[in-house]
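*Asks:* If you read the sequences in order, they're chains A and B. Whatever position you read off the first sequence (first residue = 1), add 10 for this note's numbering. Whatever position you read off the second sequence (first residue = 1), add 10 for this note's numbering.
Any given hint could be a false lead.
[To be verified] Listed next, the in silico DSBU-like pairs over lysine-lysine satisfying Cα-Cα at most 35 Å (straight line):
#	chain 1	residue 1	chain 2	residue 2
1	B	168	B	239
2	A	22	A	32
3	B	221	B	261
4	A	32	A	55
5	B	55	A	22
6	B	239	B	221
7	B	22	A	29
8	B	168	A	168
9	A	168	B	22
10	A	168	A	221
11	A	32	B	22
12	B	32	A	55
13	A	22	B	29
14	B	32	B	22
[As the list claims (entries may be wrong)] Have a look at the derived ranges for each label pair, beta carbon to beta carbon:
#	chain 1	residue 1	chain 2	residue 2	range
15	B	28	A	87	35 to 45 Å
16	A	199	B	268	48 to 58 Å
17	B	228	A	104	38 to 48 Å
18	A	191	B	262	58 to 68 Å
19	A	264	B	104	28 to 38 Å
20	A	112	B	221	29 to 39 Å
21	B	262	A	280	43 to 53 Å
22	A	106	B	19	39 to 49 Å
23	B	225	A	28	52 to 62 Å
Everything labelled a hint here was simulated from the structure, so no lab data went into it. Note that the Cβ used here is the ideal one computed from N, Cα and C, for glycine as well.
There are 2 protein chains.
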Amino acid sequence: MEIVREIANIRKIVANARKQGKTIGFVPTMGFLHEGHITLMREAKSVCDIVIASIFVNPLQFGAGEDYEEYPRDLDHDAALAEQAGVHSIFAPSVLEMYPHGCSSFVEVIGITDCLCGASRPGHFRGVTTVVMKLFNIVQPDQAFFGQKDAQQAIVIKRMVEDLNLNISVVVVPIVREHDGLAMSSRNVFLSTTERKAAPILFQALQEAQKLLQAGERNAEYLRAVICKHIGTETLADIDYVAINDLTSLKETRIITGPVLIALAVRFGITRLIDNLIWEG
Amino acid sequence: MEIVREIANIRKIVANARKQGKTIGFVPTMGFLHEGHITLMREAKSVCDIVIASIFVNPLQFGAGEDYEEYPRDLDHDAALAEQAGVHSIFAPSVLEMYPHGCSSFVEVIGITDCLCGASRPGHFRGVTTVVMKLFNIVQPDQAFFGQKDAQQAIVIKRMVEDLNLNISVVVVPIVREHDGLAMSSRNVFLSTTERKAAPILFQALQEAQKLLQAGERNAEYLRAVICKHIGTETLADIDYVAINDLTSLKETRIITGPVLIALAVRFGITRLIDNLIWEG
Numbered sequence: 011m012e013i014v015r016e017i018a019n020i021r022k023i024v025a026n027a028r029k030q031g032k033t034i035g036f037v038p039t040m041g042f043l044h045e046g047h048i049t050l051m052r053e054a055k056s057v058c059d060i061v062i063a064s065i066f067v068n069p070l071q072f073g074a075g076e077d078y079e080e081y082p083r084d085l086d087h088d089a090a091l092a093e094q095a096g097v098h099s100i101f102a103p104s105v106l107e108m109y110p111h112g113c114s115s116f117v118e119v120i121g122i123t124d125c126l127c128g129a130s131r132p133g134h135f136r137g138v139t140t141v142v143m144k145l146f147n148i149v150q151p152d153q154a155f156f157g158q159k160d161a162q163q164a165i166v167i168k169r170m171v172e173d174l175n176l177n178i179s180v181v182v183v184p185i186v187r188e189h190d191g192l193a194m195s196s197r198n199v200f201l202s203t204t205e206r207k208a209a210p211i212l213f214q215a216l217q218e219a220q221k222l223l224q225a226g227e228r229n230a231e232y233l234r235a236v237i238c239k240h241i242g243t244e245t246l247a248d249i250d251y252v253a254i255n256d257l258t259s260l261k262e263t264r265i266i267t268g269p270v271l272i273a274l275a276v277r278f279g280i281t282r283l284i285d286n287l288i289w290e291g
Numbered sequence: 011m012e013i014v015r016e017i018a019n020i021r022k023i024v025a026n027a028r029k030q031g032k033t034i035g036f037v038p039t040m041g042f043l044h045e046g047h048i049t050l051m052r053e054a055k056s057v058c059d060i061v062i063a064s065i066f067v068n069p070l071q072f073g074a075g076e077d078y079e080e081y082p083r084d085l086d087h088d089a090a091l092a093e094q095a096g097v098h099s100i101f102a103p104s105v106l107e108m109y110p111h112g113c114s115s116f117v118e119v120i121g122i123t124d125c126l127c128g129a130s131r132p133g134h135f136r137g138v139t140t141v142v143m144k145l146f147n148i149v150q151p152d153q154a155f156f157g158q159k160d161a162q163q164a165i166v167i168k169r170m171v172e173d174l175n176l177n178i179s180v181v182v183v184p185i186v187r188e189h190d191g192l193a194m195s196s197r198n199v200f201l202s203t204t205e206r207k208a209a210p211i212l213f214q215a216l217q218e219a220q221k222l223l224q225a226g227e228r229n230a231e232y233l234r235a236v237i238c239k240h241i242g243t244e245t246l247a248d249i250d251y252v253a254i255n256d257l258t259s260l261k262e263t264r265i266i267t268g269p270v271l272i273a274l275a276v277r278f279g280i281t282r283l284i285d286n287l288i289w290e291g
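The following block holds chain A by itself, in its conformation from the complex (with noise of 0.2 Å):
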């Protein structure tokens, strides 16, 4: 497996796949890899011929006094854990090779993006589908894989993809959790000993809903008291948003009919951490 820096040959390692007649599966991440990417790299393999991989800590989707600077980076064990996974190149830029004049054209997906993540992040969204679309055009894959995690994310690259007629599927694969149900992040790192045990309360509040959703109930708003309730019992959280939202639309819910993203971010002292649920109705 290569580790490739420079745009110019990721391009040449990709005309040479298209020319063998060979597809490809495209993992964008940040790098610090988890189960979660890696499960993506596993799943891209199994669909087609070649994986590339990107690792870049993209500045333009960091807020002012978010954690750019910090956020973990090792590419040495990437590198290790993507070749595992079968990951044909690995394509890490830098800031530079990505941004060499800074950057001054954007895309940008208006309506869903003010909501959830959004409303929190300003401008968040807009860095990632700016980012998104420069690696979509550098590496021109037939499918991209996304965590579902990253919910939003996930919707907005997709309504990108429609939007604006790119010629890629993309692929949403399942959240992958940690024994106590916390939800694979890169960030699980800042989470300290005592916030990382009390941190597993945001897939168990997500649990109870659900079972309520079994259960029959379709009130949004009781949903949503009963998980800011659950997630209040433990004094280490501090609730940035919790959201019941049309899957499509992402407007908020009131009476669950159809299909929703039941949607929460949480501070537990620095970190941010973000979980979600689909439920299909």
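Starting from the known structure of chain A, arrange chain B on it as the hints suggest.
*Replies:* Structure of chain B alone, referenced to chain A:
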């Protein structure tokens, strides 16, 4: 030559050409073709195996009160001209085919879109970059051809292609003029007989500035004043802007030391015409 209405069908034509190892040149237009467009098509034909031209009057790039409804259309005549120019396929989608769910994803280039036509037509370039990105993703050409008449558009598209890593070479083709110097434009058809007679004053004013530049004049404010004064002698002409800007940054120039774009927009009755001149220095 085929007229293709559906995205899926033009994709098939492109995929088929690719399989045969053919290169694709793309000429995006809003139709009502004139010699300027035909020159783009011939230029494309001279360097690419296959030429695809799009004809789509893009509502997204027209502001409220602009001439979207009135924009001239004549697909039969366009098809005959394009066929003569060696175009392989015309892609002429409906608005519904291009924007089946409205539009919630946009491509925006900032900075260089605030001035010149961007100042007079807010949102215009966002509409242009968004539809061009969509068309690029549908046609996936090797080279795309734009006219120098829309100088700012060409600069904005080039910036978008570079910033977002599109694997497309953008070719800008010189302005084609009527015998009296009026830049060819689909909108010239709106001019009354007297307006049409008056309109070549735009090119004459640009030529006067060029002569002064050749004679050594470098004061942009003075040159601008000369152009405005020249156009001002024509009572039918109502100046929207006359500007002398750095060719790359599109920032206003005071003393000309490098390449500049001398651009103007002038109304004759209901018709807004643009013209420009590049001084390479």
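*Asks:* Please go over all the hints and tell whether each is borne out by the structure.
*Replies:* Tested hints:
Between residue 168(B) and residue 239(B) the CA atoms are separated by roughly 33 Å; this keeps the pair inside 35 Å, and the hint holds. Simply put, residue 22(A) and residue 32(A) have alpha-carbon atoms about 14 Å apart, close enough for the 35 Å limit, and the pair holds. This hinted pair checks out: residue 221(B) and residue 261(B) have alpha carbons roughly 23 Å apart, not beyond 35 Å. Under the criterion of a C-alpha separation no larger than 35 Å, the hint pairing residue 32(A) with residue 55(A) is consistent with the structure, at around 12 Å.
A threshold of 35 Å between alpha carbons decides the hint, and for residue 55(B) with residue 22(A) the separation of about 26 Å falls inside it, so the pair holds. A distance of roughly 15 Å separates the Cα atoms of residue 239(B) and residue 221(B); the hinted pair therefore holds under the 35 Å criterion. Taken as a hint, the residue 22(B) and residue 29(A) pair is honoured in the structure, with Cα atoms around 18 Å apart against an allowance of 35 Å. Between the alpha carbons of residue 168(B) and residue 168(A) the distance comes to roughly 26 Å, so the proposed pair stays at or under 35 Å and holds.
In summary, the hint linking residue 168(A) to residue 22(B) is supported, as the alpha carbons are separated by about 22 Å, within the 35 Å threshold. Distance hint between residue 168(A) and residue 221(A) is fulfilled; the C-alpha atoms sit about 29 Å from each other, no more than 35 Å. The suggested pairing of residue 32(A) with residue 22(B) holds, with an alpha-carbon distance near 19 Å, which does not exceed 35 Å. A hinted pair counts as satisfied when its Cα atoms are at most 35 Å apart, and residue 32(B) with residue 55(A) qualifies at roughly 30 Å.
Straight-line distance between C-alpha atoms of residue 22(A) and residue 29(B) comes to about 18 Å, which keeps the hinted pair within the 35 Å bound. For a cut-off of 35 Å, the pair hint linking residue 32(B) to residue 22(B) stands: about 14 Å separates their Cα positions. The supplied range of 35 to 45 Å is met by residue 28(B) and residue 87(A), whose beta-carbon atoms lie about 39 Å from each other. At about 50 Å, the beta-carbon gap between residue 199(A) and residue 268(B) stays in the expected band of 48 to 58 Å.
Range check, residue 228(B) to residue 104(A): Cβ separation about 40 Å, and the 38 to 48 Å hint holds. Roughly 59 Å separates the CB atoms of residue 191(A) and residue 262(B), a value that falls within the hinted 58 to 68 Å. Taking 28 to 38 Å as the suggested C-beta distance range, the pair residue 264(A) and residue 104(B) conforms, at roughly 36 Å. Between residue 112(A) and residue 221(B), the C-beta spacing of about 38 Å keeps the proposed range 29 to 39 Å intact.
For the pair residue 262(B) and residue 280(A), the beta carbons lie near 45 Å from each other, so the given range of 43 to 53 Å is met. Between residue 106(A) and residue 19(B), the C-beta spacing of about 41 Å keeps the proposed range 39 to 49 Å intact. For residue 225(B) paired with residue 28(A), a C-beta distance near 54 Å keeps the hint of 52 to 62 Å intact.
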